[in-house]
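4 protein chains.
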Amino acid sequence: MKQENTAPLRVGIAGLGRLGKRHAEQLARHTPGARLVAACSPVAEELDWARETLGVPRLYADYAELLADPEIDAVVLVTPTTLHADQTSAALRAGKHVFVEKPLSLDVATCEAVEAVARDYPDQVAMVGFVRRFDPSYARAKAAIDAGQLGRPFLVRSQTCDQNDPAGFFVRFAPSSGGIFMDCSVHDIDLARWMLGNPKAVRAFASGTIALHPGLTDCGDVDNGLAIVEFEGGQRAMFYASRTLPHGHETTTEVIGTTGTVQIGFGAHADRTEFRNAAGVQHTALPDFFARFEDAFRLEMEAFVAACRGEIAPPLTLSDATEATRIGQAITESLRSGLPVAIA
Amino acid sequence: MKQENTAPLRVGIAGLGRLGKRHAEQLARHTPGARLVAACSPVAEELDWARETLGVPRLYADYAELLADPEIDAVVLVTPTTLHADQTSAALRAGKHVFVEKPLSLDVATCEAVEAVARDYPDQVAMVGFVRRFDPSYARAKAAIDAGQLGRPFLVRSQTCDQNDPAGFFVRFAPSSGGIFMDCSVHDIDLARWMLGNPKAVRAFASGTIALHPGLTDCGDVDNGLAIVEFEGGQRAMFYASRTLPHGHETTTEVIGTTGTVQIGFGAHADRTEFRNAAGVQHTALPDFFARFEDAFRLEMEAFVAACRGEIAPPLTLSDATEATRIGQAITESLRSGLPVAIA
Amino acid sequence: MKQENTAPLRVGIAGLGRLGKRHAEQLARHTPGARLVAACSPVAEELDWARETLGVPRLYADYAELLADPEIDAVVLVTPTTLHADQTSAALRAGKHVFVEKPLSLDVATCEAVEAVARDYPDQVAMVGFVRRFDPSYARAKAAIDAGQLGRPFLVRSQTCDQNDPAGFFVRFAPSSGGIFMDCSVHDIDLARWMLGNPKAVRAFASGTIALHPGLTDCGDVDNGLAIVEFEGGQRAMFYASRTLPHGHETTTEVIGTTGTVQIGFGAHADRTEFRNAAGVQHTALPDFFARFEDAFRLEMEAFVAACRGEIAPPLTLSDATEATRIGQAITESLRSGLPVAIA
Amino acid sequence: MKQENTAPLRVGIAGLGRLGKRHAEQLARHTPGARLVAACSPVAEELDWARETLGVPRLYADYAELLADPEIDAVVLVTPTTLHADQTSAALRAGKHVFVEKPLSLDVATCEAVEAVARDYPDQVAMVGFVRRFDPSYARAKAAIDAGQLGRPFLVRSQTCDQNDPAGFFVRFAPSSGGIFMDCSVHDIDLARWMLGNPKAVRAFASGTIALHPGLTDCGDVDNGLAIVEFEGGQRAMFYASRTLPHGHETTTEVIGTTGTVQIGFGAHADRTEFRNAAGVQHTALPDFFARFEDAFRLEMEAFVAACRGEIAPPLTLSDATEATRIGQAITESLRSGLPVAIA
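Protein chains in written order, with full-length UniProt numbering: chain A, 1 to 344; chain B, 1 to 344; chain C, 1 to 344; chain D, 1 to 344.
Rather than coming from a laboratory, the hints here were simulated on the basis of the structure.
Hints are supplied without guarantee of correctness; some may be wrong.
[Said to hold, decoys possible] Derived SDA-like pairs: lysine to any residue, alpha-carbon spacing no greater than 20 Å straight-line:
(1) Lys142(B) with His283(C)
(2) Lys21(C) with Pro32(B)
(3) Lys142(D) with His283(A)
(4) Lys21(A) with His30(D)
(5) Lys21(B) with Pro175(C)
(6) Lys142(B) with Ala279(D)
(7) Lys21(B) with Leu54(B)
(8) Lys200(A) with Arg326(A)
(9) Lys142(C) with Asp271(B)
(10) Lys200(A) with Gly338(C)
(11) Lys142(D) with Asn277(A)
Could you build the full structure based on these sequences and the hints that come with them?
In structure tokens, the structure reads:
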């Protein structure tokens, strides 16, 4: 804590797509203790945006150059999933703290290889972006569980469901996304592990259907998926992921314990208004993940900065990313084979 | 209790309009311990309905004949308000138990005169139809208050709000209804007294507006009314009555105490469904007072029958009716004068 | 409809346990068009109750005698599950209409055998007690689906969850209940079929855990169960059943379609009250299935009576019972084997 | 808009109490386009806090010195109410933009005098802190009204209710607060005007009670107050203010129109969690005004900065402050006299 008012953390961001821009704005404008000093993207327009809108002074087209910049303490990776693992390892080797968006990799062995690299740099923070852990409601639920208010938690039911995009952007993205469970449910998987106390997963079963996007057939993906995961000791999790909700984004989690349960996010209220007219009583639903987790994105970045500055312990480890991938891949394999898949 | 399985209470009903039919069906089909043996109406079609639909054996066009029927133990009055008081007194004098719809009278002195008659017949039940007291949710709230769960209750906010009827039936009814406060808020007034422990009202102030029905101007009535009532000892009540809600019937009450509050009826859900679609998240609102208080109408009639059969003490007295009229008339007078009105 | 005011349906009930008493009271006191004229139970105290409390005139210890009574038009079976099938067949052969509680049988072949008997008596009603279909909220949801308001419904998520009974009554009942899915989820299975348009089920997978009642181990049952069912054409259902909810009974269903979704029963409100105090904002949850479905039990019995009197078509057939058993047994087998089970 | 990336607005803040600290942190850390360059307080510890926690470079004990600082473009006044008017005028005369917390003054003539000063400085922004206008839910409601979704809005019911503070801090503050209506309801008054389209108020009536804090008696104040305000043309408003809610802060507003209504803030949810246990279903209520309006405080300050930089028109004028005081004082006078008060 004694360092709190010392020099701010100098951050470089790589990747300036939709989510990258959010993180960049957050770091440039609203994250105490940090300064966004560099940005990296192969897209010239994105670098222009960073300079003009956020005043980012140093811009790189090449990630290696970003890492070579000695005036950078930490990098934030919002790049395509296929790059996450190598870029994380490289950042650690370059002496930088690193924040990487989820998933770390679609491959368990690759995740483990990055973990191995991280073990060589114990003084650097390596944190994966499971943003829902930073949402105040999820944090309150976790605190209640840790305080024993649910007794022994034994079941998590969790969903990540997006509003249908008639343009089907995600269909084009499907071949590289790892499938609906790796793309959406990975958050729910991480939450289930967190809420249940990090039990060892032993088996997964999945099923799914294509409700609206037949274009997914080719890559073996679905637009609505269901999964059951069994953990050692009898705990269970049930996941639902959808790309086709008609009304908005509805991401919810329920943790059921022996003496209490907690529900997070039910109702999907966009805000605190409710309208009444001839059609009845209604409220608007959240439009998307960003609207739901705006605060969490901010708090996540603040936590990363605080961890880099030594003010708090890193709230997430790369091991959390590895385990989420391990379970997500077993679910995905079950979707394809139609059989339960044992988890090593 | 020992009488429970003896002969059923023989009931005659007077008045077979919309609400009268409800009570008649209730008594004929669903009220244990009672038999609907007679009906009285000046409208031949209504008597036909009673005979054909409910199988009521004895039908009278004249109320005096109904009272003269020695095979009737109790009468249920669902007649126009102007008849309530005289018909109640006559029923008592004829040796019948009597249930009378609210309000007993628009005139306090008339209410008191009926009370005086009732005192001469202490073994007969005389009960006024403040149906909301019999709703399970109101009953639970009252029980919580009596158990001290709110500390000292000091404020009631209560409303009776109907969905707008574009045909404006109530406008034609306005000249004889006693105005919006006597017609609608009389329920809220009774509830406030009940919830607050029957304090003495000392002053009332009202205001109102005509939102949609200019035809009310002639009789000095409004379609949206607001009132504040002051009770001895500092307790307060605030009432809202509306004829013009766009979405349905929304009748709610909040009781605020020093250590807790209770809200009854918020949300106006017609049932337990909630729909989600491109317009957001919505539920249907209750269409009307009947839909909201269907159970309460049943329980009210069961309570009346149980009181007549000596199984329970009468849950309501004529004095409750008198006090509701006293407060309702003060509010109505304030609406007209624009000044606070002291309550004797 | 022309028969509506003719002689009432004469009903005999068999089985006077907790649910049997409910049906008996309903028939004796509140079901228009019916008279409860006989009761059958091997337990003398139960027959005494029927005579003394409900005034049922003819009492039988032996089911064969009940069926031999020529003054009975219909029988209502609320007997142990193992008797349902034979008693239903016998009633049909005796010329009676029959209402039988769910499940018809734990065995698919037995269900089919009863169906075969029923085909010989096409003029007699044979209806199974899937009571949730008669709940007004479920009925409204179904009507909305039939009106196309959800587009194509493709996923049902449904649960039947009871408040934990520390005494564990159901544990003693477990060896004969058929397991948690046959006992609880059979309702959800029936609803899923109904909401999805009676698709053919092709495969089931289940998992479960024992959270609080180790006594279930011996009979291979669990106190919390999860299941996924796959239907032909890509529709899916997901079920959750629990015996251990800490707060009350929470039975909910969600139907997800391509243009809308409907949720039924979320929130588990016991009534329309909400309390606020130092602990926050709270409402009481429903205590049990009876409290939740009180209206539905009434409407179900009214529908049975109306069907027997020819006023409506029977809303449920024995085939619905067979299919629910077929799916329920596949789920139960999957729970035991740990493998997906194909449905013939 | 062309100025958006020019030099940031240099802001000096006066007053560093609880709310002052919030605004200072907002300006120092999270408000794009602004820099907090100076702070003013007669309390040395507060200036120390500004320097040490926020790194504010220039600190003044004397407001005149703050105004004399040529490197300041705008001042933010979070000082005691009695100073607001003079300090606002002085800031304007010193060539600064000014943001002043509500109420501008407890005296209408004083408000009008500040307005007169402001007219001499048309190029400087003078904005009063009616923060609820900047809450996203209130903003959405207002947009819906402006889009005609409620038809003609004719009634506002609005409340500002704080959780009881057993220490009774506000009792000590009561002699200078202007009373509960000037301190709390002034927000509701401003909202009512805004939602109803700035109608002219013609009359007010108020009542109140002391539920828990007898210390208020001496200064003629109450801890629970009710008011009705009549506007020209028939619109109405009803206000409730409380210092004694048992569960938290519950600030709500309902706007009722001829074709729709909107409710804002009902339910008082602190977050998106809901707990279930043996006590039922519950959620935590908002603890205070700050928790409820955290986003609004941020957006308000961003709007002030944007107005000063010429990017938007000032969303609020001093005239809004004057009218709120005019109505608030009429309500307060009515509370004391017991009579309706005409509004000039």
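Hint numbers not upheld by this structure, sorted from lowest to highest: Hint 5 contradicted; others consistent.
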